[in-house]
Amino acid sequence: MINYFARHIQVLLATIGDMVRSPIATINTILIIAITVLLPMLLYIVVKSAEQISGTWEGRPQISVFLQQDVSDHEAQLIYQEIQLHPTVELAEFVSAAQALEEFRLLTDSATLEQELDFIGGNPLPPSIVLMPSDDASNQAQLDELQNQLLKIEGIESIRLDLEWTQRFSAIVHVVVRVGTLLSSLLAIALILIVGNTIKLLIHNRRDEIEITKLVGGTDTFVRRPFLYYGALFGFMGASIALIFAFVAGALIAEPISQLSSLYQSQSLLYRLSVTEVAVSLGVGTLLGWISARWSVAQHLWKIRPR
Amino acid sequence: MIKLSQISKRYPNGHEALREVSFEIPAGEMVFLAGHSGAGKSTLFKLITRIEKPTSGQIFVDQKNITKLRVSKTPALRREIGVIFQDHKLLMDRTVFDNVALPLIVIGMPHEEIRKRVRAALGKVGLSGKESQKPITLSGGEQQRVGIARAVINRPNILLADEPTGNLDEALSDEIIDIFADFNQVGVTVLIATHDLRQVERLSKRTLHLENGELIGDYRPRKNEEHTSS
Chain A
330 MINYFARHIQ VLLATIGDMV RSPIATINTI LIIAITVLLP MLLYIVVKSA
380 EQISGTWEGR PQISVFLQQD VSDHEAQLIY QEIQLHPTVE LAEFVSAAQA
430 LEEFRLLTDS ATLEQELDFI GGNPLPPSIV LMPSDDASNQ AQLDELQNQL
480 LKIEGIESIR LDLEWTQRFS AIVHVVVRVG TLLSSLLAIA LILIVGNTIK
530 LLIHNRRDEI EITKLVGGTD TFVRRPFLYY GALFGFMGAS IALIFAFVAG
580 ALIAEPISQL SSLYQSQSLL YRLSVTEVAV SLGVGTLLGW ISARWSVAQH
630 LWKIRPR
Chain B
11 MIKLSQISKR YPNGHEALRE VSFEIPAGEM VFLAGHSGAG KSTLFKLITR
61 IEKPTSGQIF VDQKNITKLR VSKTPALRRE IGVIFQDHKL LMDRTVFDNV
111 ALPLIVIGMP HEEIRKRVRA ALGKVGLSGK ESQKPITLSG GEQQRVGIAR
161 AVINRPNILL ADEPTGNLDE ALSDEIIDIF ADFNQVGVTV LIATHDLRQV
211 ERLSKRTLHL ENGELIGDYR PRKNEEHTSS
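Listed in order, the protein sequences are those of chains A and B. Read in order, the letters of the first sequence are residues 330 to 636 in the numbering used here. Read in order, the letters of the second sequence are residues 11 to 240 in the numbering used here.
Here are the simulated BS3-like pairs of lysine-lysine, each with C-alpha atoms no more than 25 Å apart in a straight line:
id: 1; chain 1: B; residue 1: 78; chain 2: B; residue 2: 13
id: 2; chain 1: A; residue 1: 632; chain 2: B; residue 2: 63
id: 3; chain 1: A; residue 1: 632; chain 2: B; residue 2: 99
id: 4; chain 1: B; residue 1: 99; chain 2: B; residue 2: 126
id: 5; chain 1: A; residue 1: 632; chain 2: B; residue 2: 78
id: 6; chain 1: B; residue 1: 144; chain 2: B; residue 2: 126
id: 7; chain 1: A; residue 1: 632; chain 2: A; residue 2: 529
id: 8; chain 1: B; residue 1: 99; chain 2: A; residue 2: 529
id: 9; chain 1: B; residue 1: 83; chain 2: B; residue 2: 13
id: 10; chain 1: B; residue 1: 63; chain 2: B; residue 2: 74
id: 11; chain 1: B; residue 1: 83; chain 2: B; residue 2: 56
id: 12; chain 1: B; residue 1: 83; chain 2: B; residue 2: 63
id: 13; chain 1: B; residue 1: 144; chain 2: B; residue 2: 99
id: 14; chain 1: B; residue 1: 56; chain 2: A; residue 2: 632
id: 15; chain 1: B; residue 1: 83; chain 2: A; residue 2: 632
id: 16; chain 1: B; residue 1: 63; chain 2: B; residue 2: 99
id: 17; chain 1: B; residue 1: 78; chain 2: B; residue 2: 63
id: 18; chain 1: B; residue 1: 56; chain 2: B; residue 2: 99
Some chain A residues close to chain B (C-beta under 7 Å, calculated; not the full set):
id: 19; residue: 336
id: 20; residue: 541
id: 21; residue: 545
id: 22; residue: 546
id: 23; residue: 547
id: 24; residue: 551
id: 25; residue: 635
Hints are computed from structural coordinates only; laboratory data are not their basis. Cβ coordinates follow ideal geometry from the N, Cα and C atoms, glycine included.
Excised from the complex, chain B in its bound form (with noise of 0.2 Å):
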């Protein structure tokens, strides 16, 4: 589903942000992404999303090749994969239910369908009931699933999460991450950034290491192996 080969990521200011980068996520699979901050997750995020420009290699989301994407279908690239940023990225000035909507009015869908839709979003990520709220007056956490439902509204199948358990305490992060796994159970790819080891360990899904611009590391864990064996 997401496929990146030797990719390098140079700023403008000379700073090397990722080095001859590559890894291949298959369809319907759940990986974490771990590595100090610094180490080129955000990074790799944009270029997936089509933020930046990689400066050499190849990326492909869903067997198209958007290393050489026109400006004008980046758009088209963004519908098809849901990102949920630490900072939430939520208009704070607008209703959740504005904010959930977001992506579903930016493609014209009939106003009766964005509404049975953002009920279902809001009630999956356990915020019913909220709609009408202002997202400055929910906590961290309630931010943070706002910002899930808008990334799964529109029924991606790519789930980008950039450190979405940032300044969650234990419990919370579990719930968030939890509400990962079960989109990854009904067949979304889902890629999650996280120097949060912890979540690594109690999922035991596969795992990136980047450190300093470099994949240092692409581990599977032992029960999956198990299962492919047996």
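Isolated chain A (complex conformation) (with noise of 0.2 Å):
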């Protein structure tokens, strides 16, 4: 067994050995590696970036209920018992018109807001509850089901959905994430070529030595083994530089993305891959090299065979 990995890992360093050799080649090689993981990479972190900032918004629909201006006080608490025991609405909030106005102050912070009060003669804004449904009844069917049943309430004026902005985002996230799973398949097919026409070439390159090695009782799997690590180390390396590129490019876009997200006043705008997806990203790379090796060794070295 110990004889076993001393083997495989003496072919791992004559690799490497090999790789370093011809520098330029290898290099060329991890560098195409490298651009084609990173692409997926880039989307994966926009997606999840995306994800974040929607998940802020808890992804759920609020509906604002406008009463009638003229309600009272005491029936416009009635609306309200009414919305909270609902049984589709999980929280609500009641707003009353002075409330609203003092909002209203709060953010408009005109110095003339007095006088435009005076001259519409009072407060404007009507008393509103604003309400969340519950997770479990937010799809669209039941929304409007809801919005209708609320409309039938004495008093209520309008109603508003703030639902469009969010529906909109998290589609526009979908698309991403359905044109990004079909970019990834075709520049994962992409790498496998890539890397299968490279192990092509060093197995032409090394036609002789496989042949020899054959002719002094080589097994297949012998000869096959370097090539195979050939895959699986281009794989490893190419995604560990995407890697690195990713980090880099995250570092150059720190600064003006910090700066958006304190204009929007949310916490962190760009997705940290984890420790696990690092892992991930490593293995998935060395997995693809692998496999394109072993598919172009498949093709290619069952010819070569001493004549």
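Put the two chains together into one complex; each comes in its own frame, and the hints tell you how they fit.
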């Protein structure tokens, strides 16, 4: 068993040695793989960042119910209670006309506001109720149903669903995910072809060695092994370089991003890869490299035999 | 040790390289295989080492019928036979050490053991101290010896040599053939293909004669016959 591992380590070291001996070809191949891996990686980070942002909205729609201006406080309280008791409403908050005006004052910060209010002749804002439907009732049909039921309540002027923006955003994210998945699959195939072709060239360059090794009793497994290591190493190194690129890119856009997020009062706009995700990237790179080598070897190695 | 029975080989292009060839070489014997180029000597070696398959007939190596040998068993067969090629088949970009060590590396022998064996084999063929040189820097005769060292490193019971003295002068040829005779002395079965009849006469060993793919003679030297009769 120790001997078996020693042999594998020997092949691994010999393969690294071969790579170092032809540095330009090796670097070219690794860079091509890195760029191929980088694109899906960046897309993944973008999607994750987007999900992170929409996550702060809790992904649930809000419904603003505006009451008629002339309802009394007592009537307003009754409507509020009725809405609170509705089975598909999880949370409801009553905003009186005075509260609404106060909020408006804080947000507008206008010096001439008092004059303008005087001109209008009092508080123009209606009392309202902001409610959040329960989690299991947030699909479109259920929301429409809820909206219809609310409209039947006496004293309600209008209803607004603060939904469109959230929906549009998550729809865009969905499109990006779909396109990204498609693109990643294509790039994975491209990667297999690139590594496969490189391995094919290596096999042809080492034709003599393969032939002679078979002549002196080397098994197919033995002959194949260094090429599989080549593929796996290419994949691993390509994925490593891609990760470095991704982190450098992240560092470069960190400052403008943090300005942006401070504008939107958001904590973190940019998604950071976890240790597990880094490990998975490296693993997937290695595996893809190995698969490509395996595929290439299966196609080309058997043709080379002693004559 | 080697037994051919009714062996014919026809290549896909229609060329009939061997026709109904039968002979048997007992263990420990040294035999020359004589004939012009194109007589079928190389084909015969390719059949014994399973580089080619016979069209018909049976081949036995060390009592085992290799005619229907599975591809996966070919490496094991080749490890039992040391082969020396006319064109040496050395890896020119590797050191002499790496070349000679190859048959041991493929069976996964520990490095320490490999070093000892390579040193011993190179000593036996008179190439001590040339481990780290590239074969390209060696003379033709020296390259041939590297090939011999590689063939014997695995301590095979059978040695096959295809025109080992092809491009060498007489003195060098004698030395090379004598190396084979030495291995034969310690019990290795040796089969040497050559058109160098001088060597055949000098050593007076059994000689198989091939011509146009047919075995036309199996001469046993008188000296041997005298030995057996006395």
